[in-house]
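One line per chain: the protein sequences are U and S, in this order.
For the first sequence, position 105 matches number 105 in my numbering, and the numbering has no gaps at all.
If you want my numbering, it's the position in the second sequence, counting the first as 1, plus 1000.
All the pointers check out, no bait thrown in.
Partial chain U-side listing against chain S, Cβ under 7 Å, derived:
#	residue
1	Asp5
2	Leu16
3	Val423
Derived from the structure by calculation, the hints contain no laboratory data.
Where a beta carbon is used, it is the ideal one built from N, C-alpha and C, also for glycine.
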Amino acid sequence: MKASDILSYSFSAIKLRKLRAGLTTLGVVIGIAAIVALLSITQGLQETITLQLQRGFATNTLIVSAGGGVVFGGGDAAGSGFKLFVNDTQTINKLENVELSVAIIQRTGSIQFAAGARNVTIVGVDFDSYASIYPTTFVAEKGGVIPDNPTNEMVVVGKRVSDPWKNGTVLCNVNDTAEIAWLNAAARPPKPENYTGSVAAVLQEIGGFSISGPSDYNVYIPLSKAQSFFGTDQCNMIIVRLTNDDKTTIDNASKAIKAVFGDQVSVMSATAVLNTLSSVFSVIELFLSGIAAISLLVAGIGIMNIMIVSLMERTREIGILKALGMKSHTVLLIFLGESVIIGLLGAIIGVASGWGLANVVAIALGGGGRLRNQAPQTGSFGTMAINPVLTPTVTLLALVFGIGVSVIFAIYPAWRASKLKPVEALRYE
Amino acid sequence: MATIVEAVNLKKTYMLGKVPVEALRGVNLKVESGDFLAILGPSGSGKSTLLNLIGALDKPTEGQMLIENIDISTLSDNQLADVRRRIGFVFQFFNLIPRFTAKENVELSMSIADMSKDERRKQAQNLLEVVGLKERMNHKPAELSGGEQQRVAIARALANNPKFLLMDEPTGNIDSKAANDIMGLVKKLDEEKGVTIIMVTHDQRLASQARRTVQMFDGLIVNEKVNHK
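Next comes chain U alone, as it looks inside the complex:
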């Protein structure tokens, strides 16, 4: 029997039991849709986070902080009592592969303009060096210039400090005065400190978040001012720019820096963070796919169940086919053909609805989703918009998986059908 005839026979058998076939297909649809939705959301999330990180996070930089790697918090000298100082940059600058380094002192504080106040992180940094490490993000928006040699009063603010609600209600413009304040909680009694500065520039919108690089939510003051304002020479971290972002360069420089500070510092590379993140995402993806795969397994059992029922109902029909001279393997192919049709249909609908579901979720989480006409915005889901990613590989795998599961679970019923003895099958009522 020709392949096209086998397939059209399978199809006629499915058409006869539309509801049942539909429900069986639905099982596959749900399984595949779950896998596709979960994978495209996680991949979208990963892409977004990676992109955001890369934006505020040059790949040829290292972040040196005191102690056990408290980087996300800002790096107090934890445990050991070891402290990193502003002039430690000189030591680091002498090391091989290091182009330049910049010390950062930061505190949580507030900034008050005539139009309103914001709680911010106040970052003391050398503007010139910082801009050369982050040439794409530490950039003033139109109308402002980040001064190379700032006076002590000059302040650079992130986009979300000047325009917190993204609606044009601006708290400050260039040349506005600003009252900068923090609470020195270490003093007894705790002592509020403040001074009046002037906004020299507003940063271009960066989007996303950053670990060490410029952020939309920070206020930047000159390092020397920070030293006197915060009353310390101790810095939270030192950002080091290397000559290149080769793995060996990064590894060697990291080792050299650790060695020079007697292993009392932790050194983190942007690339290493990205790698760690991507491996975390791989695990999450695997875990979520595993959960989704279970629903596909259930669908497979549904297919097997339906096929066995169908086999019993059609015993006599199989007897007729065999009496007409149909070979056993053709009977097998007819049953497998039915499962291929169900699997293919389920997989196609599943991929489409999974993709749709992922976008609905992305929109629900805010901002994201590729189904919208406008360009994806940043600043949602915390600070990110997720744009689900559906790679051709995932699409293809989902199709193969859908058909594969259907066929595998149909093998046993199909085999049983093919093994029916014509005499007995014809006698079956």
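Since the structure of chain U is provided, determine the placement of chain S on it from the hints.
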């Protein structure tokens, strides 16, 4: 005349639970090309078992079942399927596929035999015309009377130009008028087209319309006669 079907000391034993039942106890039979043979016998006489063996649906326990001089007990399942494609089956309960139209039912046996689509269509139309169902070929079995269904079954049986027609109580499940029509058709096929026919029945009158009758009883052929017209 070439011998198409030959049974030599044919035996078939079934296990009914743990009890062996000898359905055939040594049948000898010869059918030649162009013959019209009726196998007559009461139920339990072994005629259905013999029919299954002649139709290559089953293998004998002992003895030889030769179809076109090939012993079917030496054949594999696939080879048996090939043999069955050259046999035209007509069943008591028609055994049409309910979801297919008359024409599709006739075409099905040709598609099993790998015939091309065009050929199938032409052949099916011709055959349905021969059995007098030209006007009803796009009806499904449920929309046809018993007699009409049996005509479709006969058209289907003829589709692959079989070596012989094997009929199992072909009028057993239809009214007497339709039964007469069917027998008329069968005789026409025999006389005009020279189709070899083997018909199993328990009906004496039906058997007498064949050219030759063998009488079975208790797993043996007990009588054999040529019917005079």
